[in-house]
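Chemist: Residue numbers (our numbering), protein chains in the order written: chain A, 1 to 171; chain B, 1 to 171.
Copies of the same chain look alike in the list, so a pair counts if it fits in one copy or across any two.
Think about it this way: if two alpha-carbon atoms lie no more than 25 Å apart in a straight line, the pair counts; the simulated DMTMM-like pairs of lysine to aspartate or glutamate are:
id : residue 1 : residue 2
1  : LYS18     : GLU111
2  : LYS18     : ASP123
3  : LYS151    : ASP28
4  : LYS101    : GLU82
5  : LYS171    : ASP17
6  : LYS149    : GLU27
7  : LYS2      : GLU111
8  : LYS171    : ASP19
9  : LYS171    : ASP28
10 : LYS171    : GLU27
11 : LYS151    : ASP19
12 : LYS63     : GLU27
13 : LYS151    : ASP17
14 : LYS80     : GLU103
15 : LYS18     : ASP28
It should be emphasised that the hints constitute simulated quantities derived from the structure, not laboratory data.
2 protein chains.
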Amino acid sequence: MKTIFYIASSVNGCIADKDGNTNWSAEDNASFNSMCEKIGAVVMGRNTFNEYLTLSDDDWPNKSGQTVILTLQKTLPNSKFEVYPATSPSQAINIFEKLKKSELLVIGGNETWTSFMKAGLVDEIFLDIEPVAMGNGKALFQGANFETKLKLVETRQLGPQTIQLHYQVIK
Amino acid sequence: MKTIFYIASSVNGCIADKDGNTNWSAEDNASFNSMCEKIGAVVMGRNTFNEYLTLSDDDWPNKSGQTVILTLQKTLPNSKFEVYPATSPSQAINIFEKLKKSELLVIGGNETWTSFMKAGLVDEIFLDIEPVAMGNGKALFQGANFETKLKLVETRQLGPQTIQLHYQVIK
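The shape of chain A in the complex, shown without the other chains:
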């Protein structure tokens, strides 16, 4: 199973502003949605899931695939889409293995990405960098005790203001 992160951040590693908002570019949104639909196996945390529940069905990033919600609760609210609960990164991977998937996309938030990093269960990272510097934003991975080396695979200009960095995790 190949585990891939999709992250967007400010130039200084903030994944949301001080109020938790992510006003990223249309190009980032398009690339994100396209990768979710292409892979069709998505993992998100309970907080991120709760945010999607406040949006319209059209905004759901993985309409035709399966999505695992990382949560300590055993049941989830009813959803129009195919969602499964999991209590840990390894359980999330098990669910997708049973579904015969070969890769999965972890789309956040911070606790979810950090739990995969700490478990050493990450193979690739896509990072879209948006043109803003935030002193008061939510810092990616901050407060978790790890340091992980990466290998730059590719850089891509998604739009006039957005650059995408693609890394492999060195294991």
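Assemble chain B onto chain A, guided by the hints.
Modeler: For chain B alone, coordinates are given in the frame of chain A:
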């Protein structure tokens, strides 16, 4: 006066590891030293200056130009190089204006960059992104109350693993 930041960070915006070390690439170091010598007008904070005092003269990044140290102290230890103390970003800019400089390079650390950002005294940012993710590093700008929009000017691959992003600050 054009004020330029030179910053190197992990993919998630950490400017040093948990112990304060910056084991960045040779390509980042070469680009950094080259820009310091080219501009010849450098600003650093007192902590960064103290670190340079523990190194050999060869490591000093601005041998033939002038350097301003941001510090609340009125005098500095003796130095082989031309250094001036300043208590604020605007005083640092004044010193270089009197020296007939047209641009200056702010090389850190975090408090110094943040004080220029909060004062709105930044025109351009060069950011070298190194291939490492740190949960426990020192996060750039973290804890300061600002959000500043940027414009991507150029991206450049400094080496196989290091990408340089060049931004203008939108005022």
